[in-house]
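Chains as they are written, first to last, in our numbering: chain A, 1 to 153; chain B, 1 to 286.
Check each hint, because a few of them may be wrong.
With a cut-off of at most 20 Å between alpha-carbon atoms, the simulated SDA-like pairs for lysine to any residue come out as follows [said to hold, decoys possible]:
1) 70(A) <-> 103(A)
2) 139(A) <-> 48(B)
3) 5(A) <-> 41(A)
4) 143(A) <-> 12(B)
5) 83(B) <-> 12(B)
6) 140(A) <-> 202(B)
7) 5(A) <-> 51(B)
Just the calculated beta-carbon pair ranges, DEER-fashion [as the list claims (entries may be wrong)]:
8) 26(A) <-> 58(B): 30 to 36 Å
9) 39(B) <-> 110(A): 41 to 47 Å
10) 30(A) <-> 256(B): 46 to 52 Å
11) 277(B) <-> 71(A): 55 to 61 Å
12) 36(B) <-> 23(A): 39 to 45 Å
13) 58(B) <-> 127(A): 33 to 39 Å
14) 30(A) <-> 247(B): 25 to 31 Å
15) 127(A) <-> 2(B): 19 to 25 Å
16) 34(A) <-> 284(B): 49 to 55 Å
17) 26(A) <-> 9(B): 50 to 56 Å
18) 87(B) <-> 137(A): 45 to 51 Å
19) 6(B) <-> 137(A): 35 to 41 Å
Derived list of chain A stretches under chain B, where covered just means 3 residues or more per stretch with a C-beta under 8 Å from a C-beta of chain B [to be verified]:
20) 36-47
21) 76-90
Quick caveat, the hints were computed from the structure, so don't treat them as lab data.
Everything numeric in this text was worked out from a predicted model, so none of it was measured.
All C-beta atoms in this analysis are idealised placements derived from N, C-alpha and C, irrespective of residue type, glycine included.
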Amino acid sequence: MLFRKALKKSPWIIHYDCNSCNGCDIEILATLTPVYDVERFGIINVGNPKHADILVVSGSVNHRNARVLKAIYEQMPHPKAVVAVGACACSGGIFKECYNTLGGADTVVPVDVYVPGCAPRPEAIMEGILKAAQLLEEKKNMKKGEILYVTKS
Amino acid sequence: MKEIWITLATVIVAPLVGGVITGIDRKITARMQNRFGPPILQPFYDLFKLFSKETIVVSNTQILYAFLFLVFNIVAVVMFVLKMDLLLILFILAFATTALILGAMATNSPYSRIGAHRELISVLAYEPVLIAMIVAIYFVTGSFNIENILKHSRLLILDLPFIFIAFSYVLTIKLRKSPFDLSTSHHGHQELVKGITTEFAGPVLGLIELGHWYELVLLLLFVWLFFAKNIFVAIAAILICYFLEIVIDNISARLTWKIMLRLTWSVAFGFALVNLIWVYIKYRLL
Ligand code: SF4
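The shape of chain A in the complex, shown without the other chains (with noise of 0.2 Å):
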């Protein structure tokens, strides 16, 4: 029972800003202070990939940051998931149509919730947190690197 519940109950978080404005992160930071205590959800924000279950990604993918995000993606063990936070982790946002902006963060890695806002507030990081957290379960009965198209809201 214990076990079966694991997955969900504990997920460690990585944060990687690709190319954000500072508004989400900020938003993100808040969500891991005393104030919002996440930690009572087991979510520990760990400064390791290879200790996290769950990529927290912020602001647009461009040619410079996809390669670093790709590489964070790739070394954290599966079952793991994506969330995009933020507009411009969403879809590229308001930097969408720069030169060197390739989009949102799933033109890189598959990315399992988005959080749109500009910024979000903290409340909504972690709804999307825990969310990603569930489809850990769903995701651990799944082969290595195929990707969870989810329907349900």
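Here the structure of chain A is known, so what remains is to put chain B with the ligand in place on it, guided by the hints.
Here is chain B with the ligand on its own, set in the frame of chain A:
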């Protein structure tokens, strides 16, 4: 036959106790920071999660060393419960730490290597105090064997108060709590990424986590040894000791290794030495 049952019970009960203590630790820490905190069973969730993840290793020897870390810790706890030689337990505990250091050194990652170096320095800091503690216990009771130590008529703490202070001091290093959590820390601090455990992931990290729980139980058993005559006093002492560790963990920031070495070698080892000379004169010369 009886030994086998005791061994089995220890192997099963020790990690449960260690895990629950870690959970309570996290809860109390959270309450001190005025937040709600994770459930008490959170360490178990973490552990089971780690075991259900994919294994990623840089070199296969890492798995062996993580496994050895766990096994040596289990052996040390079991030997303590079976009341065997204290000196041997200390050596096996040192072996466990060595296995962890070798595991971290088996990769080329600079974080992991610096973590390993810092762990070596902490070994350098706490090992003399532990040795002094055991030698002092020998002076008082005339034996390294826990069986005979327990036969001693007085509470050990009455003869070894300063040794106990020194031991609680190095307990902070052993438990990897602030201000001495140089090589790695259990909380979300990210200096050196995660130090000595950087390159361990998934189930291999789980083995190390499990090893830590056995280690925690063993260290609390050492505290018990000082009060072994009276079980209630012993339990109270363990609780107070651990609570103080949590308080210190929460009110202090990380120190550098130089300060750690200076402090442990002067203050803690000084305390231990004073007590050592005292019991030597009292029990061996007079
Ligand atoms: S979504 Fe808005 S706040 Fe977030 S990085 Fe983009 S522009 Fe900044």
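Given coverage of the stretch 36-47 of chain A by chain B, checked by CB-CB distance under 8 Å (3 or more): That given contact holds, which follows from 9 residues of the stretch 36-47 of chain A lying within Cβ reach (below 8 Å) of chain B.
Pairwise hint evaluation, residue 41(A) against residue 5(A), where the allowed Cα distance is 20 Å at most: holds, 12 Å
Pair hint residue 139(A) and residue 48(B), alpha-carbon separation not exceeding 20 Å: holds, 16 Å
Residues of the stretch 76-90 of chain A with Cβ under 8 Å from chain B, three needed, outcome: Three-residue rule met by the stretch 76-90 of chain A, so holds; n is 3.
35 to 41 Å as the expected CB spacing between residue 137(A) and residue 6(B), which holds or is violated: holds, 38 Å
Holds or violated: residue 83(B) to residue 12(B), with C-alpha atoms at most 20 Å apart: holds, 18 Å
Distance restraint evaluation - residue 127(A), residue 2(B), Cβ atoms, bounds 19 to 25 Å: violated, 54 Å
Range hint 46 to 52 Å (beta carbons of residue 30(A) and residue 256(B)) holds or violated: violated, 30 Å
Range hint compliance [Cβ, residue 39(B) to residue 110(A), 41 to 47 Å]: violated, 31 Å
Distance restraint between residue 70(A) and residue 103(A), which requires alpha-carbon spacing of 20 Å or less: holds, 14 Å
Distance restraint between residue 140(A) and residue 202(B), which requires alpha-carbon spacing of 20 Å or less: holds, 13 Å
Proposed proximity, residue 12(B) with residue 143(A) (alpha carbon, max 20 Å): Roughly 33 Å between the alpha carbons, so the hint for residue 143(A) and residue 12(B) is violated.
This entry does not satisfy hints 4, 9, 10, 12 and 15, going by the numbered hints stated previously.
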